[in-house]
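At position 135 of the sequence shown (counting the first as 1) the number is 153 in the working numbering, and the numbers step up by one without a gap.
There's no promise every hint is true.
Pair ranges (Cβ atoms, derived) [what the hints assert, rightly or not]:
(1) His49 to Ala252: 23 to 31 angstroms
(2) Leu100 to Glu247: 42 to 50 angstroms
(3) Asp68 to Glu248: 41 to 49 angstroms
It is worth saying that the hints were derived from the structure and are not from the lab. Note that beta-carbon positions come from the ideal geometry of N, C-alpha and C, so glycine has one too.
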Amino acid sequence: MSFEAPRAVNSQGGQIRIFMPRFGNINERRHQLHEVIRLSGMNLVINDLDMPLIIKVASIPKERMQVYFIDNEDYFKRKATLTDEEGNLFPDNDERAIFFAKGVIETVKKLNWAPDIIHVNGWLSSLLPLYLRNYYGNEPLFNTAKVVTSVYNSGFEGTLDKDMYKKVLFDGLEDEQVRHLKKPNYVNMMKTAVENSDAAIIAGDNIPEELKKYLKKIDQPVLDYKNREEFAQAYQDFYANKVLS
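Kindly generate the complete structure, drawing on both the sequences and the hints.
Here it is, written out as structure tokens:
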């Protein structure tokens with residue numbers, strides 16, 4: 019869906035950019051990734067440590083869409099995505115999520131591109147709305163941007179690092195803003211994302227019951243689950259009539 023939803027908008031003449039982590043199992047040569055020097059070269063502070071931000075880009079030729087890859091050797095060089103060979107979550111996934119959120123926003127700032135809609139897919143991206151609304155809350159580039167978070171079935175078992183909320187508090191956020199992260203499980207990561215979004219989409223047909231109940235209580239517009247055949251038009255209508263109106 020990180021590809022299909024942007025492709026649907028792109029086919030209607032929208033200007034699209036996709037951002038994702040440069041996971042180590044992505045073949046850079048095959049997909050012709052190349053570093054964008056003018057965007058790279060800055061450090062992001064993660065838990066009081068300077069972590070270099072590297073930006074790479076590739077295109078999806080048939081679709082005329084560009085994908086920007088957020089990269090850092092410490093966080094994304096390993097030949098896996100979110101878990102090790104035994105299926106255990108990487109212990110630094112919390113810092114990877116913080117780095118990705120900051121990295122996307124800093125890259126958009128360097129591009130000087132003001133998006134109308136920022137659509138968040140996947141729990142590793144779930145801190146982006148929190149940082150956008152708070153840490154970067156005074157950035158004029160995002161004044162009119164609307165944030166949409168998709169909630170999927172695909173979560174994770176257990177929790178991320180128990181000190182995750184302290185690492186976010188280090189960036190000057192308030193205790194109330196990170197209250198869900200005191201127990202950083204999948205449900206609470208998604209609650210944090212939705213709480214800081216303008217709208218939400220139920221993107222799985224069997225999301226956790228706690229999230230179903232949570233989404234019924236919020237004031238933001240929520241789009242119910244749509245299957246592969248009907249999502250494209252439903253998303254377009256939702257963007258136009260509920261998110262941007």
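State, for the Cβ atoms of Leu100 and Glu247, whether the hinted interval 42 to 50 angstroms holds or is violated.
-> At 29 angstroms between Cβs, range violated.
At the C-beta level, are His49 and Ala252 separated by a distance inside 23 to 31 angstroms?
-> Since His49 and Ala252 have Cβ atoms about 30 angstroms apart, the given range 23 to 31 angstroms holds.
Please test the hint of 41 to 49 angstroms on the beta carbon pair from Asp68 and Glu248.
-> Once the Cβ atoms are compared, 46 angstroms apart, the range 41 to 49 angstroms for Glu248 and Asp68 holds.
Checked against the numbered hints above, the structure violates only hint 2.
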